[in-house]
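Asks: As they're listed, the protein sequences go chains A and B.
To get our numbering, take the position in the first sequence, counting from 1, and add 14.
To get our numbering, take the position in the second sequence, counting from 1, and add 33.
It is possible that some hints are incorrect.
Pairs of lysine to any residue residues, derived as SDA-like cross-links and limited to a Cα-Cα distance of at most 20 Å, are as follows [unchecked claim]:
no.: 1; chain 1: B; residue 1: 129; chain 2: B; residue 2: 152
no.: 2; chain 1: B; residue 1: 293; chain 2: A; residue 2: 29
no.: 3; chain 1: B; residue 1: 293; chain 2: A; residue 2: 73
no.: 4; chain 1: B; residue 1: 129; chain 2: B; residue 2: 108
no.: 5; chain 1: B; residue 1: 293; chain 2: A; residue 2: 31
no.: 6; chain 1: B; residue 1: 293; chain 2: A; residue 2: 55
no.: 7; chain 1: B; residue 1: 293; chain 2: A; residue 2: 32
no.: 8; chain 1: B; residue 1: 293; chain 2: A; residue 2: 76
no.: 9; chain 1: B; residue 1: 290; chain 2: A; residue 2: 28
no.: 10; chain 1: B; residue 1: 198; chain 2: B; residue 2: 129
no.: 11; chain 1: B; residue 1: 293; chain 2: A; residue 2: 59
Hints listed in this document are in silico derivations from the structure and should not be mistaken for laboratory results.
Read off the chains here:
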Amino acid sequence: MSNLFPILAVTGGMIWYVIPLSAAISLVYSASRYELRERIVRRSVRLFGTITGFMACVLVALWLLSYKL
Amino acid sequence: MTDPRVNLRNPVVAALLAYLLPGAGHFYQRRFFKAAIYFVCVLGVFFWGCSLGEAKAVHLRMDKTARQGQTRQRTLGYLAQVGVGTPALPALVQHKRYQNQLDAAEGAPSALLESFETEFSGRLMHTTLGHGTVTGRLVGELRVGDYGFSQQFEGTLSGTLENGKPVELKLMGVQSSGDLNLGPRVCALDNVTLSDPHGDPVTPEYSAERRRFFCRVVEAAAPHSDAGMIEGTIPRPFLDHFQVPLTDEALQHLNGKLGKQYELALVYTWIAGLLNLLAVWDAAAGPAYGYGDEEEEDEKIADSSESAEKPPAEPSPEPANA
Numbered sequence: 015m016s017n018l019f020p021i022l023a024v025t026g027g028m029i030w031y032v033i034p035l036s037a038a039i040s041l042v043y044s045a046s047r048y049e050l051r052e053r054i055v056r057r058s059v060r061l062f063g064t065i066t067g068f069m070a071c072v073l074v075a076l077w078l079l080s081y082k083l
Numbered sequence: 034m035t036d037p038r039v040n041l042r043n044p045v046v047a048a049l050l051a052y053l054l055p056g057a058g059h060f061y062q063r064r065f066f067k068a069a070i071y072f073v074c075v076l077g078v079f080f081w082g083c084s085l086g087e088a089k090a091v092h093l094r095m096d097k098t099a100r101q102g103q104t105r106q107r108t109l110g111y112l113a114q115v116g117v118g119t120p121a122l123p124a125l126v127q128h129k130r131y132q133n134q135l136d137a138a139e140g141a142p143s144a145l146l147e148s149f150e151t152e153f154s155g156r157l158m159h160t161t162l163g164h165g166t167v168t169g170r171l172v173g174e175l176r177v178g179d180y181g182f183s184q185q186f187e188g189t190l191s192g193t194l195e196n197g198k199p200v201e202l203k204l205m206g207v208q209s210s211g212d213l214n215l216g217p218r219v220c221a222l223d224n225v226t227l228s229d230p231h232g233d234p235v236t237p238e239y240s241a242e243r244r245r246f247f248c249r250v251v252e253a254a255a256p257h258s259d260a261g262m263i264e265g266t267i268p269r270p271f272l273d274h275f276q277v278p279l280t281d282e283a284l285q286h287l288n289g290k291l292g293k294q295y296e297l298a299l300v301y302t303w304i305a306g307l308l309n310l311l312a313v314w315d316a317a318a319g320p321a322y323g324y325g326d327e328e329e330e331d332e333k334i335a336d337s338s339e340s341a342e343k344p345p346a347e348p349s350p351e352p353a354n355a
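Okay, chain A solo, but in the shape it has when bound (with noise of 0.2 Å):
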C-alpha cells in the first residue's frame, strides 16, 4: 500500500486521522440538519461516504499527477 501511495508512507499513516474526524463531522452537520433519528443517521452515512469517497478520488488524483516524478 505504501508503495503504492507514497503520501501514505510520507504522512506516517495519519492520513487515516481523516475518518473519525470525517464521521463527527457529517453526525453533527446531519444532526444540525434534521431531528428524526432514523433521517440523522442515514444522511450522515451518506455525507461520510460523500467526504470520504471525495477524498479518495483527490488522493488517487494527487498520485496520478506525481507518478514516477
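Given the coordinates of chain A, assemble chain B onto it according to the supplied hints.
Replies: This is chain B only, laid out in the frame that chain A set:
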C-alpha cells in the same frame, strides 16, 4: 419556522448551555439523541486534538510585542477554538495572566514579583563544596531590579548533596548580570536544559511542569562574593501552564518535535469549535431543514421519474362487484 413538534423550551438558555458545554443545550431541551451526538463528537474531536498537540494546541496570543510585529499573534485560530465553549475558555484568563506578568516585570523598582517556597532539584557548582546534584527547599523573593528594570532574586536553598551532606546555600542573582535565569511563572513550555559540565553541546529540553532556575551562590558572610551557582528546576503548577500563550521558541520546539501532528491538532480543535456553532444554532432555532419525515429530494426525483415512465392506469371497464 421551527417545526412545532420540536420543543425548544427557552431557546436562549438552550443556546447558552449548548455553547458552554456541547450537548448540554439539547439535553436541557430533552433532545437526548442529539445531545449525545454533539457531546461525543464535538468534545471527542476537541480533546483528541488537544491530545495530539500535547495539550498545547489551545491558546490565545495577542501580546504587545506581537502588535509591534516582533512575534506572531494567534487570534483567528483561537476564535475557532473558543466555539467549543468551556473547554477553551481558560485560555482567555491565561492570556490575561500572561500579560499581567509581562507588565509586572516593568514595575516600580524593588517591587515584589514573586515569593518562593518550593522544591528544587538540580546541580550545584561550588568553589568549596565541589560539583554534584542537589535537592532541597528553595525559599526567596523575586523583585524588580533597583532601577526599575531587570529582576533580582534573593533567598536560600536548604538541601542535601548527592553524598547526603546537608547544605545551606545563600542565593543572590540579578538577571541583567547573567547570574539569574528564572523561567517565567506563567508559561506554557519552558526551556529547562541543563548546561553540560564539560561544555559539550546538549539537546534542548522543554517542560511545562518544571521551571528553570539558575542562580549565583554567594558566601553567607559576604553577599557580594561569588561562591558558585545552582542550576536546576522547580515545579510549575498545572494552572500556570494550562492553555498559556506559547512563545515563538516554544512553538518552534513543538513544531520540530511533533511536525504535522501539531498542525493536525490545531485543525481538530478548530473544527470542534466550528462544529459546536452548528449545535448552538440548532439549540436556538431547531433543525435547519426540517423534522426529518419529509420526503427526501432524491426520493422525490425517483418518484417523479417512476411516474413519468409508467403509463397512466387504464380505468377498469367494469367494477368488480358490479
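Asks: Against this structure, judge whether each hint is valid.
Replies: Hint check results:
Annotation: proposed proximity of residue 129(B) to residue 152(B) is violated, straight-line Cα distance about 27 Å (limit 20 Å). Of the pairs offered as hints, the one joining residue 293(B) and residue 29(A) holds, with about 11 Å between alpha carbons and a cut-off of 20 Å not exceeded. Taking the CA atoms of residue 293(B) and residue 73(A), the gap is near 18 Å; set against the 20 Å cutoff, the hint holds. Of the supplied pair hints, the one linking residue 129(B) and residue 108(B) holds, its CA atoms being roughly 14 Å apart against a limit of 20 Å.
Distance hint between residue 293(B) and residue 31(A) is fulfilled; the C-alpha atoms sit about 12 Å from each other, no more than 20 Å. Simply put, residue 293(B) and residue 55(A) have alpha-carbon atoms about 32 Å apart, too far for the 20 Å limit, and the pair is violated. Of the pairs offered as hints, the one joining residue 293(B) and residue 32(A) holds, with about 14 Å between alpha carbons and a cut-off of 20 Å not exceeded. About 19 Å separates the Cα atoms of residue 293(B) and residue 76(A), which keeps this hinted pair within 20 Å; it holds.
For the suggested pair residue 290(B) and residue 28(A), the alpha carbons sit about 15 Å apart, so the restraint of at most 20 Å is met. For the proposed pair residue 198(B) and residue 129(B), the alpha carbon gap of about 44 Å is over 20 Å, so the pair is violated. Between residue 293(B) and residue 59(A) the alpha-carbon distance is near 28 Å, which puts this suggested pair outside the 20 Å criterion.
Checked against the numbered hints listed earlier, the structure breaks hints 1, 6, 10 and 11; every other hint is satisfied.
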